[in-house]
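Enquirer: Chains A and B, in that order, are what the protein sequence lines are. Residue numbering for the first sequence follows the numbering used here, beginning at 1 and increasing consecutively. Residue numbering for the second sequence follows the numbering used here, beginning at 1 and increasing consecutively.
Keep in mind that the hints are not guaranteed to be accurate.
Note that the list lumps identical chains together, so a pair holds whenever it fits in one copy or between two copies.
Keeping only pairs whose Cα atoms sit at most 35 Å apart, straight-line, the calculated DSBU-like set for lysine-lysine is [as the list claims (entries may be wrong)]:
| hint | residue 1 | residue 2 |
| --- | --- | --- |
| 1 | K253 | K129 |
| 2 | K291 | K279 |
| 3 | K82 | K235 |
| 4 | K376 | K32 |
| 5 | K279 | K128 |
| 6 | K381 | K67 |
No lab work stands behind these hints: they were computed from the structure.
There are 2 protein chains.
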Amino acid sequence: MRLKGNCIIGQSGGPTAVINASLYGIINEATKNSNIHKIYGARNGILGVLKEDFIDMTQIGSHIIEKMRLTPASALGTCRFKLKDERDNKQQYERIFEVFSANNVRYFFYIGGNDSMDTVNKIDRYAKKIGYPLSIIGVPKTIDNDLAGTDHCPGFGSAAKYIITSIIEAMYDCKSYAEDTILIVEVMGRDAGWLAAASGLIKDYEDFGPDLIYLPEAAFSYEKFINDVKDLCSKKKDILIVVAEGIKDSTGKYIASEDTSDFDGFKHKALGGAGQVLKSVLENEVTKRIKVINLGLLQRCSMHMASLVDFNEAQLVGEAAVKYAVKGESGKMVGIKRLSNSPYSVEPCITPVDKVANHIKRLPTQWINESKNNIKDDCLKYFRPLVQGYVPYPNVYGIPQYTDITNESQNYNKKKEVI
Amino acid sequence: MRLKGNCIIGQSGGPTAVINASLYGIINEATKNSNIHKIYGARNGILGVLKEDFIDMTQIGSHIIEKMRLTPASALGTCRFKLKDERDNKQQYERIFEVFSANNVRYFFYIGGNDSMDTVNKIDRYAKKIGYPLSIIGVPKTIDNDLAGTDHCPGFGSAAKYIITSIIEAMYDCKSYAEDTILIVEVMGRDAGWLAAASGLIKDYEDFGPDLIYLPEAAFSYEKFINDVKDLCSKKKDILIVVAEGIKDSTGKYIASEDTSDFDGFKHKALGGAGQVLKSVLENEVTKRIKVINLGLLQRCSMHMASLVDFNEAQLVGEAAVKYAVKGESGKMVGIKRLSNSPYSVEPCITPVDKVANHIKRLPTQWINESKNNIKDDCLKYFRPLVQGYVPYPNVYGIPQYTDITNESQNYNKKKEVI
Chain A
1 MRLKGNCIIG QSGGPTAVIN ASLYGIINEA TKNSNIHKIY GARNGILGVL KEDFIDMTQI
61 GSHIIEKMRL TPASALGTCR FKLKDERDNK QQYERIFEVF SANNVRYFFY IGGNDSMDTV
121 NKIDRYAKKI GYPLSIIGVP KTIDNDLAGT DHCPGFGSAA KYIITSIIEA MYDCKSYAED
181 TILIVEVMGR DAGWLAAASG LIKDYEDFGP DLIYLPEAAF SYEKFINDVK DLCSKKKDIL
241 IVVAEGIKDS TGKYIASEDT SDFDGFKHKA LGGAGQVLKS VLENEVTKRI KVINLGLLQR
301 CSMHMASLVD FNEAQLVGEA AVKYAVKGES GKMVGIKRLS NSPYSVEPCI TPVDKVANHI
361 KRLPTQWINE SKNNIKDDCL KYFRPLVQGY VPYPNVYGIP QYTDITNESQ NYNKKKEVI
Chain B
1 MRLKGNCIIG QSGGPTAVIN ASLYGIINEA TKNSNIHKIY GARNGILGVL KEDFIDMTQI
61 GSHIIEKMRL TPASALGTCR FKLKDERDNK QQYERIFEVF SANNVRYFFY IGGNDSMDTV
121 NKIDRYAKKI GYPLSIIGVP KTIDNDLAGT DHCPGFGSAA KYIITSIIEA MYDCKSYAED
181 TILIVEVMGR DAGWLAAASG LIKDYEDFGP DLIYLPEAAF SYEKFINDVK DLCSKKKDIL
241 IVVAEGIKDS TGKYIASEDT SDFDGFKHKA LGGAGQVLKS VLENEVTKRI KVINLGLLQR
301 CSMHMASLVD FNEAQLVGEA AVKYAVKGES GKMVGIKRLS NSPYSVEPCI TPVDKVANHI
361 KRLPTQWINE SKNNIKDDCL KYFRPLVQGY VPYPNVYGIP QYTDITNESQ NYNKKKEVI
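Working from the sequences, and respecting the hints, build out all of it.
Expert: And the structure:
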């Protein structure tokens, strides 16, 4: 049975450069489908549903929507808000479905990572339990690339491209000095080393690449690290080390110093400082100068360095989510299935969301070298297509000019308190 | 009298995205001039002269030279090496002129900042003293934009453009959260606030701009800072603060914490951490979340975000240096004279290098607002043209692929020890 009614779209978790391409894909496909009438954007994800704080996307001019597609970071606003279990806060669920019912909502699309898929899962189960006719589909988004149910995640390729570009340019800076340099670059990756591993692609483009890559998937040994660096120091002028923020020692303790960490709303440890710790470890061991770069939040929002492949796929999964939903699917996450590497081709796929929610897909062990300090070259074929192509971001004389739809739109605003 | 003979080019000080466009300009113009025969690149600036460590630029294929022009950071290598006064190390000067004489050098072009212009000045004076026929011209280069004798410095516009772009994208990330955010961005600028001030251009492109800009030219008051931020907190959801690394309090003490500082080869204090200090000052005063970004060395080497205006001017000053030199000028720095803002036009000019060496051109006081926490809008017309246009950097599917001429060239290598 095909549902007819309105749809709500939400964005959740850390933003990416291309998360609005997924939003655009959903709007684009929903607009074409006669079963879907109004298209609401929930401000700040599920919080916007609880507050009934919506933007009527059909009221926004198409030129704004086109520009929004090319604007980094969640255009609807994001949140890090995890729904409690039904038994712990039934009121939250009742409120969500009260809002759905009042707005004749039959479709809900939620763009996010593994925590966001938990929200999809819980709402889907509750809808089925109370017999509310709803099709709810998760749309993957994370620069961390750690979601099950998809070959790779929209957002990842653009972040990897930004990291690769930044490291290449930073290494040219370091190499130009007469002094020997160790450049340590810390990249995001709390539990999975996909971004750090992707920096291995640098040697596709340049005469250098990371000499050492440290990943959360391999226990870090201070002693081996010092020996590895000393060994490299005797062979090379400049050394490049890429480290994921979430590396741990053999006891599972984070290398990043406790002082620099705090907590985000999902109760994950917010990491930082692994690069600085590695520097301090080396300072009494080597004579080369040591530079540390932490790419910080720029790696997840740099539309100016977005990958065209990633951008197009972000839109593709958004469109596919609507196509699956109107066929009656619910409680699923749409994903990307890789058909071939050369020529690179993909198609959308779909997975039960309970196989994705709260799971972390780690870098395969067989992609890590025996010394646990770099990746194996044969995994580069996985990364290679994902970072390619250039997205023509909106700009004026070469400087970005993005759009904030919350300024541009007429807000469909009936704010109430969160329960 | 026109000199005939060989020329040496050197690069010195912190690299920029466009320093090789100046190198290209010199090579391009020198190649066309019949008075100049061989063109040598000194590796690592004046160190390469002392070591007689040269690259014969005429031996490098033109396709490599073209790619070098679009490669960030000093292609010849750089140094932070200040010549002593002649009375303190006469041997250094004798060695330099021994190398000049052995290689029939009549032209020396030195691309760098105020410390490098000191080198130009000293070598020029020594040449005149001993009657050695030499034309030595300084070519300005610094992202700091703090050189006298030129309207602005090649390298500055590209760094400003990178900073503006990065801040815009980071603000979209911050704005997308439901939580109120204070974003503090620390930019380079040890003694002069040109880069921090240029971030004022953001409001040309977006609905926001820096709410507060802190500059080395205005004494920083913790008390006023806290009051300014509290005042803004009562009015706005998200607040953007841009701070130059070199801000000082009213006693002249750097705000950046001592712990994070060390020294570079020119005996300047290497600063970092002003942004972190501002964050720690606010932590007990405001409830908004506070994010700090330190753009680090990426702001001086990001060719992928270089300004076309800056790139073209970097080449222009290189070409002009050769034109002035073959007319018999020496002991001068070539500069940029601004003829008009609209349409923007410039022409090369020339200044005695002793008016530039060791001087710091600071941001004009009248460009700073009365509260000393932002710039006045009317100075934006100075910055506006400098960041414009896009440089088509060499790339493969959107990822840079630069060139290292020291790998490509046949090294004209007769290494000797530095005296």
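Enquirer: Run every hint past the structure and note whether it holds.
Expert: Hint check:
Within a single copy, K253 and K129 get their C-alpha atoms no closer than 41 Å, and across copies no closer than 66 Å, so neither meets the 35 Å cut-off. Within a single copy, K291 and K279 get their C-alpha atoms as close as 8 Å, and across copies as close as 23 Å, so both meet the 35 Å cut-off. In this assembly of identical chains, the alpha carbons of K82 and K235 lie at most 35 Å apart only when taken from different copies (29 Å versus 50 Å within one copy). Taking CA atoms no more than 35 Å apart as the test, K376 paired with K32 passes in neither setting, with 45 Å inside one copy and 49 Å between copies.
For the identical chains of this complex, K279 and K128 are neighbours neither inside a copy (53 Å) nor across copies (47 Å), given an alpha-carbon limit of 35 Å. For a Cα distance limit of 35 Å, the shortest separation of K381 from K67 qualifies both inside one copy, at 33 Å, and across copies, at 27 Å.
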